[in-house]
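Trainee: Make a model of the complete structure from these sequences and hints.
If you want the building blocks of each chain, they are given just below.
2 protein chains.
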Amino acid sequence: MQTIKQMKQFMEPHSVALIGVSRDTGEGSFNILEHLLSYGYQGRIYPVNPNATEILGVKAYSSITEVTEDIDLAVIATPRALVPRLVKECSDSNIRSVIVVAQGFADASDDQGRQLQQELTDIVQSSNTRILGPNTFGTANAFFNFSTSFVRIRMKKQPIGIICQTGVFFVGFPEATLVGKGIDLGNACDIHFAEGLEYFENDPEINVIALHIEGAHDTKTLIDTARRITPKKPVLAFKTGRSEQAAKAAQSHTGSLVGRSEVWEASLKQVGIIQAGDLQEFIDLAGTFAILPPMQKPGVGVVTISGALGIVAIDGCQQFSLETGELSANTEKLLGAMAPSWLRISNPVDIWPAMMGSQDVVKPMVDGLEALLSDDALGAVLYIGAAFDDKWATSLCQLLIGLAAAHQDKPLTCCIYGPYGDEAIKVLQESGKVAGFRTPERAIRALARLSQYSRLRGIL
Amino acid sequence: MQTIKQMKQFMEPHSVALIGVSRDTGEGSFNILEHLLSYGYQGRIYPVNPNATEILGVKAYSSITEVTEDIDLAVIATPRALVPRLVKECSDSNIRSVIVVAQGFADASDDQGRQLQQELTDIVQSSNTRILGPNTFGTANAFFNFSTSFVRIRMKKQPIGIICQTGVFFVGFPEATLVGKGIDLGNACDIHFAEGLEYFENDPEINVIALHIEGAHDTKTLIDTARRITPKKPVLAFKTGRSEQAAKAAQSHTGSLVGRSEVWEASLKQVGIIQAGDLQEFIDLAGTFAILPPMQKPGVGVVTISGALGIVAIDGCQQFSLETGELSANTEKLLGAMAPSWLRISNPVDIWPAMMGSQDVVKPMVDGLEALLSDDALGAVLYIGAAFDDKWATSLCQLLIGLAAAHQDKPLTCCIYGPYGDEAIKVLQESGKVAGFRTPERAIRALARLSQYSRLRGIL
Chain A
1 MQTIKQMKQF MEPHSVALIG VSRDTGEGSF NILEHLLSYG YQGRIYPVNP NATEILGVKA
61 YSSITEVTED IDLAVIATPR ALVPRLVKEC SDSNIRSVIV VAQGFADASD DQGRQLQQEL
121 TDIVQSSNTR ILGPNTFGTA NAFFNFSTSF VRIRMKKQPI GIICQTGVFF VGFPEATLVG
181 KGIDLGNACD IHFAEGLEYF ENDPEINVIA LHIEGAHDTK TLIDTARRIT PKKPVLAFKT
241 GRSEQAAKAA QSHTGSLVGR SEVWEASLKQ VGIIQAGDLQ EFIDLAGTFA ILPPMQKPGV
301 GVVTISGALG IVAIDGCQQF SLETGELSAN TEKLLGAMAP SWLRISNPVD IWPAMMGSQD
361 VVKPMVDGLE ALLSDDALGA VLYIGAAFDD KWATSLCQLL IGLAAAHQDK PLTCCIYGPY
421 GDEAIKVLQE SGKVAGFRTP ERAIRALARL SQYSRLRGIL
Chain B
1001 MQTIKQMKQF MEPHSVALIG VSRDTGEGSF NILEHLLSYG YQGRIYPVNP NATEILGVKA
1061 YSSITEVTED IDLAVIATPR ALVPRLVKEC SDSNIRSVIV VAQGFADASD DQGRQLQQEL
1121 TDIVQSSNTR ILGPNTFGTA NAFFNFSTSF VRIRMKKQPI GIICQTGVFF VGFPEATLVG
1181 KGIDLGNACD IHFAEGLEYF ENDPEINVIA LHIEGAHDTK TLIDTARRIT PKKPVLAFKT
1241 GRSEQAAKAA QSHTGSLVGR SEVWEASLKQ VGIIQAGDLQ EFIDLAGTFA ILPPMQKPGV
1301 GVVTISGALG IVAIDGCQQF SLETGELSAN TEKLLGAMAP SWLRISNPVD IWPAMMGSQD
1361 VVKPMVDGLE ALLSDDALGA VLYIGAAFDD KWATSLCQLL IGLAAAHQDK PLTCCIYGPY
1421 GDEAIKVLQE SGKVAGFRTP ERAIRALARL SQYSRLRGIL
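Chain order of the listed sequences is A and B. So in our numbering, spot 25 of the first sequence is number 25, and the numbers just go up one at a time. Numbers in our numbering are just positions in the second sequence, counted from 1, shifted up by 1000.
A hint or two may mislead.
[What the hints assert, rightly or not] List time: in silico DSS-like cross-link candidates among lysine-lysine, alpha-carbon distance up to 30 Å:
| hint | chain 1 | residue 1 | chain 2 | residue 2 |
| --- | --- | --- | --- | --- |
| 1 | A | LYS297 | B | LYS1426 |
| 2 | B | LYS1156 | B | LYS1088 |
| 3 | B | LYS1233 | A | LYS426 |
| 4 | B | LYS1391 | B | LYS1433 |
| 5 | B | LYS1297 | A | LYS248 |
| 6 | B | LYS1426 | A | LYS391 |
| 7 | A | LYS248 | B | LYS1363 |
| 8 | A | LYS433 | A | LYS297 |
| 9 | B | LYS1220 | B | LYS1232 |
| 10 | A | LYS59 | A | LYS88 |
| 11 | B | LYS1426 | A | LYS156 |
| 12 | A | LYS426 | B | LYS1157 |
| 13 | B | LYS1233 | B | LYS1297 |
| 14 | B | LYS1156 | A | LYS426 |
| 15 | A | LYS248 | B | LYS1333 |
| 16 | A | LYS297 | A | LYS232 |
| 17 | B | LYS1156 | A | LYS391 |
| 18 | A | LYS156 | B | LYS1269 |
| 19 | A | LYS333 | B | LYS1248 |
| 20 | A | LYS269 | A | LYS433 |
| 21 | B | LYS1088 | B | LYS1059 |
| 22 | A | LYS157 | A | LYS391 |
| 23 | A | LYS391 | B | LYS1157 |
| 24 | A | LYS157 | B | LYS1391 |
| 25 | B | LYS1391 | A | LYS426 |
| 26 | B | LYS1269 | A | LYS157 |
| 27 | A | LYS233 | A | LYS297 |
| 28 | B | LYS1363 | B | LYS1391 |
| 29 | B | LYS1433 | B | LYS1232 |
| 30 | A | LYS5 | A | LYS88 |
| 31 | A | LYS297 | A | LYS269 |
| 32 | B | LYS1426 | A | LYS426 |
| 33 | A | LYS433 | B | LYS1088 |
| 34 | A | LYS232 | A | LYS8 |
| 35 | B | LYS1248 | A | LYS363 |
| 36 | A | LYS333 | A | LYS156 |
| 37 | A | LYS156 | A | LYS426 |
| 38 | B | LYS1433 | B | LYS1269 |
FYI, nobody ran anything at the bench for these hints, they're computed from the structure. Here the structure is a predicted model, which is why all the values come from computation and not from measurement.
Mentor: In structure tokens, the structure reads:
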């Protein structure tokens, strides 16, 4: 409980001091205060800058020691050499939580960097103050309109909690931000994976915990904590720094000792952490686990408007060891009644000929999906279709979201191609009901990991 | 030459008859005539529909036999049972090229389908008329404002020629259309891969030929033709239908006998065809080979604003057997002068600390890329950066395109994340100078295949 209380100061502070915040504002100035105001953060803010009396209308202080009110969190963004003294001042001012944004500590190649990081560690050990960083974007919390990132970020109130060793996940990706809540450990001189995991463990706003791991100083605690969580909540991991050369680079990125990758892989697997093989899969899986229920049967049913992509889906199932399910007799009968007589009904279901033969072109698609979603023999459904134009994309999404809402116990994934595919994928994903992908293999890979986790949970 | 002349009738017809074209127009009517007019096609068009005297202001005919002018190409989109008679009429009217859009031939599970396809084959054998299809979208040619697709498609004058067994590639993908020119073989009762390859072989508008192969009846000719082409022009392949179940599905999709996947893989490799493992890679590779020059040295230099993604790039290099190159002493010196003293200079080059220490935040990035692009020890360069906002994305793209233009002999790839990453990637790709990707591993995978092809050509 002590840890959670502490982590709340980092994630949901009611007051924050911004030490070293610049007077420069506007594009390219990377001003944390400016961003914080733009998010609509409701807590008290204390900019600390000896050369300013106010910044953006907020009263500024020349030193943290001048602030008399209680402060939950201090964020330090100054040249590295000043940092230990400033942290000490925070500690003396009874500030328990400090984020050190500055770079050039264990991530540096020089002795001074290592020494400075040691000084931070010493302060932590001799006080009640805890440090996140150095070399970090800090934290982000969409549910609290709060982030310490010096890059203005886009958060979304989505149930993904990420713990990472880079600001990349805060900045986000074109198709997805993974930051509902985010913790960038940076060099992790103190706060580490275990603390983050514990904070997210019983957080009702978070459905999935995503870990970007370069290396960890607390491997055993990380593993032990994860073991406790995975039976309740999915934990994903993207372990980087696999080769010797990458390990060397990680040393100078966050001062991490990465450890042997096979050992990591085995340890993570053993405690039920689902591992992503690359960044694209990590993004895909976070989006999938955030919104889809577990699978209760192993087989996946596919409805496709493209026979060719149905075949690609089967190839994907073979590659990722996922079963394409057998359709029940009733489903086959239903589908057979819609299709031209010459079409063989099987899974994947090629629905295009039925659509072309129907007055209402989308009715066979909806009926086909309804049949598969209702088929007890199947554990999940993949729809493969195109968004030919804007209007088509909109009505397609409405139909799919409606179908998913009516079948909340069965995961529905989609692969949408065509010029408006991306927009459709985004709408589906943001509905919180349907996971959308650009290619069939990516959808199948995500379902394969979902089935893996469902098995671990004993649901499948 | 006979083949090329024939293929020109399919790809660049000066006159086209649309047999069975509907009077319905507007959204959801899938009207080929309407699409053709919207593309700005300049040839003569003859709609054939016994129930119309004109469609969209174009004079309609009740039968192809009524048309007295020469016709290069006929497109037949009617119920399957009518098709053989209509093809026969075309042949009797001296039309040498016919596209059969209709489904339900070898792709059907019934005897009638197989028999109808046999009738088409018989007509081909006993006449001078050649058939593309049945069960096809036909052809598309952005350079000629022409397509027979019944779905309105977006073509782009880009140097990609695709030969496929599905309309999916005509409809396209959110991030990319692969159709500069496209040939959908459908069931391939007559026109097959070899004819398409021959057409693209010396086509100056096409830099890369992309094959989507479910199965082929002309495997030997395909392989022999490709062997002749790959030393001049890259040929990519995405072979689907790898599992037994997928093979069965391919049978009912295009009536294809897919053959054993290991045999395919070995044969394609032997003649220098670059193979994509999944749909995402196929899309990525087509975009890359269309615009990038070959690699002349094996090593790739990486400039990154994210240390974490630099590490991911190294992991990617290990996975796809691509070398990260050693920087020359001169490059190290140049980069060292920009960076803070504590930063170890190595490849990947973490440029962020230099950017943060510079008055002009992007100058170190540009100088760093310039140094790597000029470094004779490196064969290609990957830039990893973010598009934080719209303005940043725009100026980033300008800089990157300018750098690529100044170093046309060295492939420049980029991974752009951040909220405006997709837009930046699109602008880069459309410049025809820089290949853009969402993740480092995808960029590295594409470069690995490019280096593989450069080796085959003896350039590397």
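Trainee: Would you mind marking each hint as holding or not holding in the structure?
Mentor: Hints and how they fare:
no.	hint	result
1	LYS297/A - LYS1426/B	40 Å, violated
2	LYS1156/B - LYS1088/B	34 Å, violated
3	LYS1233/B - LYS426/A	37 Å, violated
4	LYS1391/B - LYS1433/B	20 Å, holds
5	LYS1297/B - LYS248/A	24 Å, holds
6	LYS1426/B - LYS391/A	23 Å, holds
7	LYS248/A - LYS1363/B	27 Å, holds
8	LYS433/A - LYS297/A	19 Å, holds
9	LYS1220/B - LYS1232/B	20 Å, holds
10	LYS59/A - LYS88/A	23 Å, holds
11	LYS1426/B - LYS156/A	24 Å, holds
12	LYS426/A - LYS1157/B	28 Å, holds
13	LYS1233/B - LYS1297/B	19 Å, holds
14	LYS1156/B - LYS426/A	25 Å, holds
15	LYS248/A - LYS1333/B	20 Å, holds
16	LYS297/A - LYS232/A	19 Å, holds
17	LYS1156/B - LYS391/A	22 Å, holds
18	LYS156/A - LYS1269/B	46 Å, violated
19	LYS333/A - LYS1248/B	20 Å, holds
20	LYS269/A - LYS433/A	28 Å, holds
21	LYS1088/B - LYS1059/B	23 Å, holds
22	LYS157/A - LYS391/A	27 Å, holds
23	LYS391/A - LYS1157/B	26 Å, holds
24	LYS157/A - LYS1391/B	26 Å, holds
25	LYS1391/B - LYS426/A	23 Å, holds
26	LYS1269/B - LYS157/A	48 Å, violated
27	LYS233/A - LYS297/A	19 Å, holds
28	LYS1363/B - LYS1391/B	16 Å, holds
29	LYS1433/B - LYS1232/B	20 Å, holds
30	LYS5/A - LYS88/A	21 Å, holds
31	LYS297/A - LYS269/A	22 Å, holds
32	LYS1426/B - LYS426/A	17 Å, holds
33	LYS433/A - LYS1088/B	52 Å, violated
34	LYS232/A - LYS8/A	21 Å, holds
35	LYS1248/B - LYS363/A	27 Å, holds
36	LYS333/A - LYS156/A	43 Å, violated
37	LYS156/A - LYS426/A	13 Å, holds
38	LYS1433/B - LYS1269/B	28 Å, holds
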